[in-house]
Amino acid sequence: MLDFEEELKKFQPSLEVEELGDAIYQDDLTDMTDLLREVIEQTKQDDSQ
1 MLDFEEELKK FQPSLEVEEL GDAIYQDDLT DMTDLLREVI EQTKQDDSQ
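Taking UniProt numbering, I'd label the letters of the sequence shown as residues 1 to 49.
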């Protein structure tokens, strides 16, 4: 059976929309666009040599 008081102690409220956006943008995550740009840059450098 659930212990309601114990579950309340564990509760962490979710971020508000604005805080969520800030939290996401603060993380420096590499996405597919970044990877593709890097591959294109490397290809250009290899072609120019």
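Read the hints as simulated data drawn from the structure, not as lab findings.
Glycine included, each C-beta is placed from N, C-alpha and C at the ideal position.
There may be inaccurate statements among the hints.
The calculated label-pair distances, taken between Cβ atoms and stated as ranges, are [said to hold, decoys possible]:
#1 Gln49 to Gly21: 39 to 45 Å
#2 Asp34 to Phe11: 43 to 49 Å
#3 Leu36 to Glu16: 44 to 50 Å
#4 Leu15 to Leu36: 38 to 44 Å
#5 Ser14 to Ile40: 51 to 57 Å
#6 Glu41 to Pro13: 56 to 62 Å
#7 Leu2 to Gln45: 43 to 49 Å
#8 Lys9 to Val39: 35 to 41 Å
#9 Phe11 to Arg37: 39 to 45 Å
#10 Leu2 to Thr30: 48 to 54 Å
#11 Lys44 to Glu6: 41 to 47 Å
#12 Gln42 to Leu15: 34 to 40 Å
#13 Gln42 to Glu7: 36 to 42 Å
Unmet hints by their number, sorted upward, for this structure | 2, 3, 4, 5, 6, 7, 8, 10, 11 and 13
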